[in-house]
Every structure is written in structure tokens, then in C-alpha cells.
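Protein sequence lines correspond, in order, to chains G, E and P.
Residue 219 in full-length UniProt numbering sits at position 219 of the first sequence, with consecutive numbering throughout.
Residue 389 in full-length UniProt numbering sits at position 389 of the second sequence, with consecutive numbering throughout.
Residue 166 in full-length UniProt numbering sits at position 166 of the third sequence, with consecutive numbering throughout.
Worth flagging that the hints you see were computed from the coordinates, not collected in a lab.
Don't take each hint at face value.
Said to hold, decoys possible - FRET-style restraints, in silico, Cβ to Cβ: (1) E4(E) <-> D26(G): 27 to 33 Å; (2) E227(G) <-> Y320(E): 36 to 42 Å; (3) W130(P) <-> T193(G): 20 to 26 Å; (4) V149(G) <-> K623(E): 53 to 59 Å.
On a predicted model such as this, the values are computed, not experimentally measured, just so you know.
Beta carbons: idealized from backbone N, C-alpha and C, even for Gly.
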Amino acid sequence: MNLTLKVWRQKNQNDKGKMETYQVSDISPDMSFLEMMDVLNEQLIKEDIEPVHFDHDCREGICGMCSMHINGRPHGPQQAVTTCQLHMRSFKDGDTITIEPWRAGAFPVVKDLVVDRTSFDRIIQAGGYVSVNTGGVPDANEIPIPKSVADEAFNSATCIGCGACVAACKNASAMLFTSAKIAQLAMLPQGKTEAKTRAEKMVAQMDAEGFGACTNTGACSAECPKEISLENIARMNREYFSAKAKSENTDM
Amino acid sequence: MKLESKIPEGPLAEKWTRHKFNVKLVNPANKRKFEVIVVGTGLAGASAAATLAELGYNVKAFCFQDSPRRAHSIAAQGGINAAKNYQNDGDSIYRLFYDTIKGGDYRSREGNVYRLSEVSVNIIDQCVAQGVPFAREYGGLLDNRSFGGAQVSRTFYARGQTGQQLLLGAYQALSRQVSTGKVKLYPRTEMLDLVLIDGEAKGIITRDLITGKIEKHAANAVVLASGGYGNVFYLSTNAMGSNATAAWRAHKKGAFFANPCFTQIHPTCIPVSGDHQSKLTLMSESLRNDGRVWVPKSEEKAKGLSAKEAVDIPEEERDYYLERKYPSFGNLVPRDVASRNAKYVCDEGRGVGKTGLAVFLDFADAIKRDGKETIEAKYGNLFDMYKQITGDNPYEVPMMIYPAVHYTMGGLWVDYNLQTSIPGLYATGESNFSDHGANRLGASALMQGLADGYFVLPYTIGDYLATQPMQKVSDDHPAFDEAINDVKGKIDKLLSIKGKKTVDEFHRELGKIMWDYCGMSRNAEGLKKAKGLIKELRAEFWENVKVFGTNDELNQSLEKANRVADFLELGELMVDDALHREESCGGHFREEYQTEEGEALRNDEDFAYVAAWEYQGENQDEKLNKEELEFENVKLTQRSYK
Amino acid sequence: MSWFVRTFGSTLGRKLLMALTGIFLILFLVVHLAGNLQLLIPDGGKSFNIYAETMGNNTFIQIVSKVNFALILLHIIVAIILTRYNSKARPVSYENFNGNANSTWSSRNMGVLGSVIFIFIAIHLSNFWWVFKYGEVPTTTLENGTAVKNYYAVVNEGFSQLWIVGIYVLSMVFLAFHLAHGFQSAFQTLGLNHKKYTPAIKAVGKWFAILVPIGFAIIPIYMYFNNIS
Chain G
1 MNLTLKVWRQ KNQNDKGKME TYQVSDISPD MSFLEMMDVL NEQLIKEDIE PVHFDHDCRE
61 GICGMCSMHI NGRPHGPQQA VTTCQLHMRS FKDGDTITIE PWRAGAFPVV KDLVVDRTSF
121 DRIIQAGGYV SVNTGGVPDA NEIPIPKSVA DEAFNSATCI GCGACVAACK NASAMLFTSA
181 KIAQLAMLPQ GKTEAKTRAE KMVAQMDAEG FGACTNTGAC SAECPKEISL ENIARMNREY
241 FSAKAKSENT DM
Chain E
1 MKLESKIPEG PLAEKWTRHK FNVKLVNPAN KRKFEVIVVG TGLAGASAAA TLAELGYNVK
61 AFCFQDSPRR AHSIAAQGGI NAAKNYQNDG DSIYRLFYDT IKGGDYRSRE GNVYRLSEVS
121 VNIIDQCVAQ GVPFAREYGG LLDNRSFGGA QVSRTFYARG QTGQQLLLGA YQALSRQVST
181 GKVKLYPRTE MLDLVLIDGE AKGIITRDLI TGKIEKHAAN AVVLASGGYG NVFYLSTNAM
241 GSNATAAWRA HKKGAFFANP CFTQIHPTCI PVSGDHQSKL TLMSESLRND GRVWVPKSEE
301 KAKGLSAKEA VDIPEEERDY YLERKYPSFG NLVPRDVASR NAKYVCDEGR GVGKTGLAVF
361 LDFADAIKRD GKETIEAKYG NLFDMYKQIT GDNPYEVPMM IYPAVHYTMG GLWVDYNLQT
421 SIPGLYATGE SNFSDHGANR LGASALMQGL ADGYFVLPYT IGDYLATQPM QKVSDDHPAF
481 DEAINDVKGK IDKLLSIKGK KTVDEFHREL GKIMWDYCGM SRNAEGLKKA KGLIKELRAE
541 FWENVKVFGT NDELNQSLEK ANRVADFLEL GELMVDDALH REESCGGHFR EEYQTEEGEA
601 LRNDEDFAYV AAWEYQGENQ DEKLNKEELE FENVKLTQRS YK
Chain P
1 MSWFVRTFGS TLGRKLLMAL TGIFLILFLV VHLAGNLQLL IPDGGKSFNI YAETMGNNTF
61 IQIVSKVNFA LILLHIIVAI ILTRYNSKAR PVSYENFNGN ANSTWSSRNM GVLGSVIFIF
121 IAIHLSNFWW VFKYGEVPTT TLENGTAVKN YYAVVNEGFS QLWIVGIYVL SMVFLAFHLA
181 HGFQSAFQTL GLNHKKYTPA IKAVGKWFAI LVPIGFAIIP IYMYFNNIS
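Same shape as in the complex, but just chain G (with noise of 0.2 Å):
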């Protein structure tokens, strides 16, 4: 098939940055998103011009590290999909795809569709561990945990941190990404002793990063690859009231 693409060029993190039209013809409908890109940059390259330039990685759906918003939704059109593993049987012959990065202000343009997430990597450093260190543990069947609370607990942590969550939200929030680390610890024994602390740590980083407010419209959950749940959040929240109002700690 072929398709018109409209896609977002920009030198580096300082050029204003613009829409560019290009061509693609002879697309197989069982490539995926990213080998029709593919195509796209070969041919750029032939003609001389500059490749488009996108994150991709394990292009099986995991990493996390593909992100494109593609006709106006993180990962494009099908629901709990990465852009990875989008297929262009999802489009028609003729169509015309735009595709933009990921749009947030603490996810900054690096070049072209490339943003740079290090800002979801702080939330993490600010409290998203068990403070253990390797060796000295007890055994692994000490601590009976409830296959419903590990399986919660599973869901929770299955985020991949691509931060579609944020793509997709009108106010650029990161509290899915935040709230589903927060919630997975909280959920665990191992994890309980910190966590209040925590709660209280990753929300300030997230705070601090400039991720916007939550105002609850679900849309994270909606276009999550990894199908998050909202009541991650609701935990967040619970754990972060709940430590404001008991803990010691004043400084926060």
C-alpha cells in the first residue's frame, strides 16, 4: 500500500522543529510500524536526506523504549500495543499517518521523534526499590505472600516505563508510571517497611520533574501498552495522604 506520512523533524533540542511530508509506497501490510519506518529511512538516505531519527529497541513490546504518537494516540490506533509490535495491516492503502513524539515538557525533544525520559528514571532513584542489599536475605519461602496480592502486584509491575501514560494525558501527568512502583511495593511485604517514605520521595521527584497534575480522565490506563490500572493511582494516593498525615517527617 502506500500512505502519506507526516512526521515531526527536528535538528536537535534547541531548533523549533517541524511537520515534513514524505511518501512511502510498496508497504506490506505484515510489516510493523517500525519496518515501515524502516523503509522510510532507507529511502531518505538514498535521496539524501537526513533519516528520521526514533527510539526502538527490543521491538517485541518490553523494553520500552519505542514511542511514537501516531494519529494522535501513544503506540497508534490499537489498544495495549507498543508502536512495536503496531502492524500496518492497521491502516489502509492511501492513508495519511502523522506521527509525532512523545509531547511533554519533562520529556524533552532530543531530535526528531526521540525524547529523552531520564526524568522516569529519578522518580525510580527517589524510592522506587526495597532498600536491600545482595546477600543476607532470608529464604525465599519465608515470607508467604497471597497469590491475589502477587498477582496485583505482578500486574502493577509490568509497566514497561515507556511513558505512553504521559503521551496520552492532557496534562502531561506521569502519576500512572508513578503510582504503579509505588502500589507494586506497597502491595509486598518486602516492600511495606518503606512505604510510606516512599510514597512521599517518588511524588516530590514526580513533582519536581514538571509532570503535570492528575485529573482522573483515565486516558493513561486507556492507551497503557501494558493496560495499567487506574487503582494504582487510587493506592498512590491512600499511601501518600496516609504518610502526610502520620509520618515524622517534616522536611517533606
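Starting from the known structure of chain G, arrange chains E and P on it as the hints suggest.
Using the frame of chain G, we list chains E and P on its own:
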């Protein structure tokens, strides 16, 4: 140079304990005076960086991805082995050791493998303490499943995303150390050279992938945890960015490269759909528990056969070739056997699908027997993924599968301490060669990565550091500038060629050569031909490659060019190694060396050694060094799955 | 900065303020509707006038009413702060943003809905509250002989004008959409999301958002047609 494996003396079960006692220690107050570089943040790298920092060392951690959490360990599906014997089914450290040695077709070291089995139990404890949500039974205790033909259930798992959960555990441990300031992170930074001072590894040269800045980093020791080299084949289940550059450039600086021809081909991947294909997606091996593998008996029927049409092929015209040839193991033969047989039927012209490079994996009988719900509960997410990628619904039509490159058992040669042949340079995880021999068992890659990073390297690196002067290594040494100039020279050259062919075109061609002649089955004639083809391709690359843009910016085409340049050299070494190893073992199948029934024929007399290759200079054949493998505890037998 | 200021200055703290004030205002709507429905009793405004008089003379009610004004103001101020904060979080907007694919229109436009409701409140207050408090209200005599202010007459007079009725009815549509999202959103913000109870909260929220505005809208419509006939 004599290769010293440094396996400690004494009974197998006591080697590691004794060794831990014998290695030199660095006093806790002195650890903070040392700096260690860790390249790669997958399971092996992140766990090592976190643990070293916890011990007090100052760590610099590098990854080419935008975040350490995206390293390709994240894509591992099945699980992680550990000899916990929670199922009370007779598992033990010795049994895991034995299975791993045997599965590796007796081409790995007893001492290393025993240690791996020994620390496997600690890994599970550690991960659970970190909050990794492993699958559990209703009673709240950890669940296990069986895997890859093992006779016990020792695989711990987190649905089909075990690698992700383990990596996030290690990433979080690493993040904690970043917040304490003990680890400095360098994302989107690629190692392009190793710096030696007086023959010892004392730093690396990196390129900042965003600004293009070439930088020098000095340290008291360097750890490579940079993964495998499966992407030499262009199409593999590796991530697009997975590359051999760090390991290869260390090799060119003197680190020996061991058993490069040992590559693992995974039998159940989604077949190539066309020339546009950029990577292959693996479907968990567990599918073979219920799916039946077949192709039509006749070539005419097979040609271009789609999955939809396959439903109408009558039973008597189908060839369930694995069940026919291996009545006792049937569809559950090991990975290498299943892969090779798929290749044979396709070579006979009985492959199906548009390309003729696919076989059916049929669940119709299983669905009839157990009901759709049961199959859905077991494989639902895999079926969904398959449908997403191919558009076919496996509940109604058979899946199509084909083998794909998945893992590389070969890698940098290391001794028992995980130190390479360069003092101060260590290699962990898939980047070293140490534990899997000629074939890796399912669910053992995660185990090895974390064993190295959490429990082995943090001890053994002290043995080296304790001998080093307690001071910061300065990057003023001329060796750094020399290395920087080399790196810059290479980049300038790549950018100045301005030829006609894109990097991807070269990579695709290399991949095809490797797959055709050094893939699932190899022969001397093909390998010799491949060597010539690779040389030609490499020569053409340096004259005709087209790399767009400049060095001073984010330039993905330059990144690729750098990596492919190294693949073009490594590919030749793989061919050399495959050619010299005149036997069939594990993932290395030489057509000349097979039993009458067509099974792999090992030659323990002449080839029970590690082939460690030594770099001799541009376009020179490499020198072979042998480390003889000594088996004191296991008896070498021929594998049989009939 | 004290921990208290910091807590309520955080994104979550501000959300909490929105949710708590929102829930208070939801409760206020119930009480307000219950009182106002007395306008529909066909007794020439007697019940309503007694009710209004009682409310006006009760100190507790007067305090609650001041608190109510304060909370409306707080709800608005925090909303403005959050909206400004949120718009800064995405300095460059998308060329193509398909919000309908993943969220309801009302959830994305609470600010617009709220602003319209704010204008309505201003009109509403100037129409009645201001007149009741500071304007000329005729008096009427109850059966027992006491003279009371005839608030009913003021309302009746207002709702005899079609354009005022139109504004009221239209505003209730906006209120309905504001509530449709706001009701359940407040519970979510408070952390009350549970597999068992959330469906109930959502159902109650939906019916609340439909019935309460309808209840309010019936009053002007009824009184208008009552006047015509």
C-alpha cells in the same frame, strides 16, 4: 600464552567456598578509593554495578539505551532455574550442575557450572527480597514449572515476563545506588574502546550518543556486561541495538574470544514475512508441550501453503516429522534438534508459507482434547501476540514457526574469577563464554547473568583490586589520547566514505552469509566460502558504505555503522572457529560429523577444549589457544533423544 | 515552607483539595435542591417563603453558607492553579491529539465546564441571593398573620422570563457533565478505588449527574409554564 582457568583445587562442592576464603579482600574503608567501570546494564551489569556500589566501590555504569531498564535481558520470557528443590522432586545443586554440563554437550568447565548451580539458590532469595513478583501457589509459596526437558520443576517465573521482572529488580537496586551517589549512570553512551595501561585495563573510551562527544573514563578495573553477538546474523531475537562492539574492541586490545561458533538457534520463532523483516520474535518454548509440528508429505502440497489452507490437508498427507523420527521425545526434543529438523524439511522443499521457510505448529488436537479454555489459560498471551504479529488466529489455524538465532554461548574468555586474558578486565553474563558450553538450557541465561553480577564478580574482583595501588587512575596517560584518536579516526573514516550502500544493506548481506553457511548446520566447504564472502563484503563496506550526517549529533546511522563494522570482523572469526572445530556439539552442527541417524557426533578425544582466539592485527587470521577441559565428576556420554 | 504548605502545594495535595471541596459542593447541591423543590408546591410560595426565612435567620446555616462560598472559591482557585500548572507540563502541544479515543470529553474539559458553571453562579447570585439580601423584596402575610418576605414572588418573577429560564436550563446541562466526571473523580482522588465499590460509586455518580441537574432544571421550566397558563 598459557590459559589458566584458575579453577580452585579440592572437591567440586568445596571449590567456591574455598576460593572465597582464599581470594584477597579489600578492606571496607579502602573500597571507596577504587573506581570500577561497568559496561551494560542488563541482568549481569546492573546486578554487578549495584552490588559493587553496596560494597563501597565507586561505580560508573554505561548503557547505550536511554535507560538502564531497557537492556535486552528484559525480553526473556520463560523463567530462571534454581536448585531450591521446593517441589521435593529430587532436585539438588548437583543435579542442576549435571543437567547444565550435559545440556552444554560437555564443553563447559565443571568448576564454573557447579558454582553457578550453587549460587542459583541465593539469586531467588535476593530477588524475592527486592520485591520481584514471582508466580505463587495458593498457599502463598513460590511456584515452579518444568522447562527445557529437565526432569524436575526448578524454574521460577513471573508469567511470561520473568526477564523483565528480574531486570527491574536489578535496575531498582542500581537506582538505589545512584541515589546514594555510589553509582554514576551514563545512559545513551556507547563504549568504543578499551584503554590499557601497562597491559592492564584502566579505562574506556565512549561516545555520547546525543552529542557525539568522544570521552575518556579511567578506573581501577573494567567490567564488560555487554551481552551477546547474535545480531551478527542480522535477523535474531536480540534487540535492534544489541551489539558486540564493547567485547570486540576489548578483543582487539588483547582479550581472547572463546568458542565464537557456539550460537543457539531457538526453534519456535515467528517466521520471516518478507525482506523488510528487521528482527524475529520468539514464542516461548513451552508451546511445544501441546503443539504438534508438521509439514505436508509432498513438496507440491507444501509450496506456498498458507495456515488457512493447512486446515484442509488430510491427516494422511501430513508428516509429523519430530514424532516420526523421535518417538520417545517427540515434539519435546532439545532446541538444537528441533531447529535442525525444521531446516531439513524446508531444505527438502516441504517448508510452508509464502517464503517456504516455515513449519506448522498445530494446536487443533490439543484444543480438541483439552478444550479451548485450557489452551487459552496456558498460552493465551502467546496466542494473542502471535495473532497481533501475523494476523492469523492460532485457535483456528496452525501457527507457523521457524528457528531463529537466539543466544550466543561463546564470548570473551574468562577464568574462574571472570577475568579475561587482560588483567583488570572482567566479562559477565552473555558477554563471556563460561557456563553454557556448546548449548544453553532454557531458563539458564537469567541465572548466569545474575549469578555473575550479584554473587561472583563482587568477590572475585577484589582479588585483583587488592593488588592495585589505592589511588584514582588518571586519564592523563597517553594511552587514553591514543585510544581517542583511534576511535575518532575510525568514525571520520566511516563518515568520509560516502558510498552507495546503506549500513543496513551490508548488515543484511552479512546476516545472510552467516545464516546460510554458519547457521543451524555447517560444513567445511560452506564455511570456507563464507570466509571469502565476508572478507569481500568487509572490503566493500570500507569503500562503499553510506553513513549519513556528522559525528556531533544524535546519528543512528553512524551508531549502526560502528557496530556493523565490528560484526563484519567477528563474523569471520565465527566462521574460522566453526571450521576448525571438526566435530558436532550442541549448537555447532557440522554435517561431516554426524551419526548414521543424523545426530550430532562429538569428538571428545580431540575437541574437549575451549577455543580461545587471540587477535593478531587487521586482516590477519587469529591465533588459536586451547584450554583443555577436565572432567573429574561427570562421564561424557552421547546425547540421545530417540 | 512547612510540611503542611508543601503537602497541599504538591500535585496530590491540590488534587485532594479539589476532591474534598468537590464532595462538599456535591452535598450542598443535595441540600439546595431539597429546599428549592419547595418552589413546586402549589401553595402560592408559602412553604418556600417559610423555608427561606428560616434559613436566613439561622446562625448555623449562615456559617455553613459562608463556608460554602469559601469552598466554592477554593475549588475555583485551586482549579486555576492546577490548570495553569498542567498547561505548563506540555509546553509544545500535539498537531494531532485524539483525546476522544481514550477519555470522555467532560473529563478533559472540567475547566471549561467549571467556568460556565462559575458564570452561572454569578448570574444566579445576582438574580436571587443579592436581591434577597440587599434588594427590595415584597412582603406577604401568612395565614397566622405574620408578615414574611415574599421570596417566592422574586423567583416567580425571574422565571417568567424565557431567557433566564433558558440560561438556567442550559447551565444545568453543563453542571450535569461537570458532575458526571467530578463525582467519581473525587472518590478516585481520595484513593477510594476498589473492585467491589467503584462500580457502585460510578453508578451513583452517573445518576446523581443526571437527576440533580434535572431536578434543578424542572423548577424554572415548571414555574415558567405555570406563569403562562
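A quick look at each hint next to the structure:
Look at E4(E) against D26(G): about 57 Å separates their beta carbons, and that is not inside 27 to 33 Å. Roughly 37 Å separates the CB atoms of E227(G) and Y320(E), a value that falls within the hinted 36 to 42 Å. The hinted window of 20 to 26 Å between W130(P) and T193(G) is violated, with their beta carbons roughly 57 Å apart. Restraint check, V149(G) to K623(E): a C-beta distance of roughly 57 Å satisfies the suggested window 53 to 59 Å.
Against the hints set out earlier in the document, violations occur for numbers 1, 3.
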